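Trainee: Now for the letters of each chain:
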Amino acid sequence: MSAPALETVGLGKSYGRRWALTDCTLSIPAGHVVGLVGPNGAGKTTLLHLAVGLLRPSAGTIAVLGETPHDDPAALARIGFLAQDSPAYSRLTVAQHLQMGAWLNPSWDAGFANARVVDLGFDVRQRAGSLSGGQRAQLALTLAVAKRPELLLLDEPVASLDPLARREFLQTLMEVVAEHGVSVVMSSHLIADLERVCDYLVVLVSGQVALTGDVETLLASHHRLVGPRRDDLSMPANQSVIEASHVGKQSTLLVRTDDPILDPAWSVTPVNLDDVVLAYMRQARDGAAAAAPGLAVAR
Amino acid sequence: MIEFHLDPASGVATYVQLVQQVHQALQLGLLEPGDRLPTAQQVVALLAINPNTVLKAYRDLEREGLVRARPGLGTFVVGTLPRTDPVSQARFRRSMASWLRSARAAGLGPQEIEAIYRTALRDCFSEDVA
Chain Y
1 MSAPALETVG LGKSYGRRWA LTDCTLSIPA GHVVGLVGPN GAGKTTLLHL AVGLLRPSAG
61 TIAVLGETPH DDPAALARIG FLAQDSPAYS RLTVAQHLQM GAWLNPSWDA GFANARVVDL
121 GFDVRQRAGS LSGGQRAQLA LTLAVAKRPE LLLLDEPVAS LDPLARREFL QTLMEVVAEH
181 GVSVVMSSHL IADLERVCDY LVVLVSGQVA LTGDVETLLA SHHRLVGPRR DDLSMPANQS
241 VIEASHVGKQ STLLVRTDDP ILDPAWSVTP VNLDDVVLAY MRQARDGAAA AAPGLAVAR
Chain W
1 MIEFHLDPAS GVATYVQLVQ QVHQALQLGL LEPGDRLPTA QQVVALLAIN PNTVLKAYRD
61 LEREGLVRAR PGLGTFVVGT LPRTDPVSQA RFRRSMASWL RSARAAGLGP QEIEAIYRTA
121 LRDCFSEDVA
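Chains Y and W, in that order, give the protein sequences.
Using the numbering used here, you'd call the opening residue of the first sequence number 1 and step up by one each time.
Using the numbering used here, you'd call the opening residue of the second sequence number 1 and step up by one each time.
In isolation and in its complexed conformation, chain Y is listed as follows:
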């Protein structure tokens, strides 16, 4: 059994007095394409920066592929990272980017990088500054993949791309996964995209893990229940209500359970990833809002 792609125990990161990430405990097995979702400011970028050694934990520990990312160049050689907005050196040409990649990375796959650039139809003499957003993202992905990492970390790689460039980026990414079996963790707000490409999910809200697990298992264990209004939600012990809304004579619940729902009053329908992610985001947000006044009174 290989080491988990990403493992954190009680991980926290504070910027001054503000905690961007608190008590984050995760274990993501290798060999997955992981979607990292959550509202803006939830700690997604902070988690990725901790994973790639750009930040040091303020609390707890983080291990990437079984190693500590900060202060360990050998560990970093096994990780590919694509920062938000796919930065490139605008004055350097495409060819110079590849040359730099070859100098800086001991395991550089020049064959792959050169072939990829031809496939993409790039003129290698072109400066990166004159590439379109989609081309720059493809160049950055090519560089990150050509170092032959075991784990690719992508921070909102498709957020600023048009639909066609987004699709092409994900096609390339999935081809790389199929060919080289690299593990991927990518943050995104586009759940429809994640539903296609991800088989593992992490939902972060307000610096904490709200939900994590294998996508197929998560979808199979969540259900939407619609039935006659029921304001007291005393559900069987094996069912937890993630979200409930009541309108007129009807109640609609989103429930998590591994067992069949036997109560005939409910009509049960399956949910998609969007439903699940939004329910956990709202639950975490409303939970925080409910807790805040209590804190104020306690002071």
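These are computed hints drawn from the structure, not numbers from a lab.
This structure is a prediction, so every number in the text was calculated from the model and none was measured.
Ideal Cβ placement from N, Cα and C applies to all residues, glycine included.
A hint or two may mislead.
The calculated label-pair distances, taken between Cβ atoms and stated as ranges, are [stated by the list, open to error]:
(1) Ala105(W) to His246(Y): 33 to 43 Å
(2) Tyr117(W) to Ser58(Y): 58 to 68 Å
(3) Pro270(Y) to Tyr117(W): 17 to 27 Å
(4) Arg70(W) to Tyr15(Y): 49 to 59 Å
(5) Phe92(W) to Lys249(Y): 32 to 42 Å
(6) Glu179(Y) to Ala97(W): 45 to 55 Å
(7) Thr257(Y) to Leu108(W): 31 to 41 Å
(8) Gln250(Y) to Glu32(W): 42 to 52 Å
(9) Asp231(Y) to Ala97(W): 43 to 53 Å
(10) Glu112(W) to Pro163(Y): 33 to 43 Å
(11) Phe92(W) to Thr217(Y): 35 to 45 Å
Following the hints, position chain W against chain Y.
Mentor: Structure of chain W alone, referenced to chain Y:
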């Protein structure tokens, strides 16, 4: 060779859509024993989906005895499904159309008709299971 496509709005799991498309191609005679399915790499490069999704669909098809993976060569069709007879298909379509017209004449809208159809379909096939 067939080319897969996806309907994200259908609510049907991606791997199930792939399995269904192979079933349909077999029923229509577009795939025959000996034909090769696209490789996982080709499918993900086309659809931008997780490679495990393709492998899962192919494993399901293999379990049904419809395809066999030959290491290093690809996944090949080895089974067949009964071809739908176009004449009987047309006959059922005609009788359905006349039923739909009478339902509409009785004042039923498309949604009500669909609800009736879905319930009847479920009842009909759950009789078999029970």
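Trainee: Each hint: holds or not?
Mentor: Status of each hint after checking the structure:
1. Ala105(W) to His246(Y): 33 to 43 Å: The hint (33 to 43 Å, Cβ to Cβ) holds, given that Ala105(W) and His246(Y) are roughly 39 Å apart.
2. Tyr117(W) to Ser58(Y): 58 to 68 Å: 59 Å, holds
3. Pro270(Y) to Tyr117(W): 17 to 27 Å: Since the Cβ atoms of Pro270(Y) and Tyr117(W) sit about 20 Å apart, the hinted range of 17 to 27 Å holds.
4. Arg70(W) to Tyr15(Y): 49 to 59 Å: About 55 Å separates the Cβ atoms of Arg70(W) and Tyr15(Y), which means 49 to 59 Å holds.
5. Phe92(W) to Lys249(Y): 32 to 42 Å: 40 Å, holds
6. Glu179(Y) to Ala97(W): 45 to 55 Å: This hint holds: roughly 49 Å between Cβ atoms.
7. Thr257(Y) to Leu108(W): 31 to 41 Å: With a Cβ separation near 36 Å, Thr257(Y) and Leu108(W) satisfy 31 to 41 Å, so the hint holds.
8. Gln250(Y) to Glu32(W): 42 to 52 Å: 51 Å, holds
9. Asp231(Y) to Ala97(W): 43 to 53 Å: At roughly 47 Å between Cβ atoms, Ala97(W) and Asp231(Y) fall inside 43 to 53 Å, so the hint holds.
10. Glu112(W) to Pro163(Y): 33 to 43 Å: 36 Å, holds
11. Phe92(W) to Thr217(Y): 35 to 45 Å: The hint (35 to 45 Å, Cβ to Cβ) holds, given that Phe92(W) and Thr217(Y) are roughly 39 Å apart.
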